[in-house]
Amino acid sequence: MGLDILFKIAGVGILISVIHTALKQAGKEDMAQLCTLAGFAIVLLWVVQLLSQLFTTVQSVFKLF
Amino acid sequence: MEIIQIIGVGFVATLLILVIRTRKPEIAVQLSLVTAIIIFMLIIDKISMIITLIQELADKAHVSQLYLNTILKIIGIAYITEFGAQVCRDAGEGSVAGKIELAGKVFVLVLAIPIIALVLETITKLLP
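These protein sequence lines map, in sequence, to chains A and B. For the first sequence, my numbering begins at 62 and goes up steadily by one. For the second sequence, my numbering begins at 13 and goes up steadily by one.
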């Protein structure tokens, strides 16, 4: 648990924005859109795992069952 | 000094979000979500320490566990509702945030129903 997930997500964001620009310049609009979607899905996978961890912790600490 | 650590996490996250937001706003929202989770994970053990203290105090004062658990549940629901609503509001979805807050209020009221009923019962007993 630390900053590494933050840097990972920021790295994916910058990477897909660069790839998006490159593919757009090459005239492959649909591939660029697909690449953005793939990056979003990868990040969403991490975020959902973290979110479920947070919710479990909150449930156990505040005795919400 | 964990507060320094938390401020550091906040600054780093803010700068990263500023860089990402102009290009990919959807990733920026997820980044701010992760920041909120990390900061909460850093303070969660302190919160549980405070809660154990409150429970010990309540045991000493012979306060029923029912009331304490209800209050704890209400605090948890309030926190998680605020968290969700703020994330939605940051992403520009004020109406969704409003709905989440409404749901949170309803659940808090539902949790408070036994206590309200108890108060009403006591009042009706006092009245002749």
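Since the hints were derived computationally from the structure, they do not count as laboratory data. Do not take every clue at face value.
To be verified - With a cut-off of at most 27 Å between alpha-carbon atoms, the simulated DSSO-like pairs for lysine-lysine come out as follows:
{"hint": "1", "chain 1": "A", "residue 1": "LYS124", "chain 2": "B", "residue 2": "LYS111"}
{"hint": "2", "chain 1": "B", "residue 1": "LYS85", "chain 2": "B", "residue 2": "LYS72"}
{"hint": "3", "chain 1": "A", "residue 1": "LYS69", "chain 2": "B", "residue 2": "LYS72"}
{"hint": "4", "chain 1": "A", "residue 1": "LYS124", "chain 2": "B", "residue 2": "LYS137"}
{"hint": "5", "chain 1": "B", "residue 1": "LYS85", "chain 2": "A", "residue 2": "LYS124"}
{"hint": "6", "chain 1": "A", "residue 1": "LYS69", "chain 2": "A", "residue 2": "LYS85"}
{"hint": "7", "chain 1": "B", "residue 1": "LYS137", "chain 2": "B", "residue 2": "LYS111"}
Source: prediction; values computed, not measured.
Verification of the hints:
Restraint check for LYS124 of chain A and LYS111 of chain B: the C-alpha separation of about 24 Å stays at or below 27 Å, so the hint holds. Distance restraint check for LYS85 of chain B and LYS72 of chain B: the Cα-Cα separation of roughly 21 Å lies within the 27 Å cut-off, and the hinted pair is therefore satisfied. Taken as a hint, the LYS69 of chain A and LYS72 of chain B pair is broken in the structure, with Cα atoms around 48 Å apart against an allowance of 27 Å. Restraint check: the Cα-Cα separation between LYS124 of chain A and LYS137 of chain B comes to about 32 Å, which exceeds 27 Å; the hinted pair is violated.
A distance of roughly 6 Å separates the Cα atoms of LYS85 of chain B and LYS124 of chain A; the hinted pair therefore holds under the 27 Å criterion. Distance check on the hinted pair: LYS69 of chain A and LYS85 of chain A sit about 24 Å apart at the alpha-carbon level, within 27 Å; holds. Of the pairs offered as hints, the one joining LYS137 of chain B and LYS111 of chain B is violated, with about 38 Å between alpha carbons and a cut-off of 27 Å exceeded.
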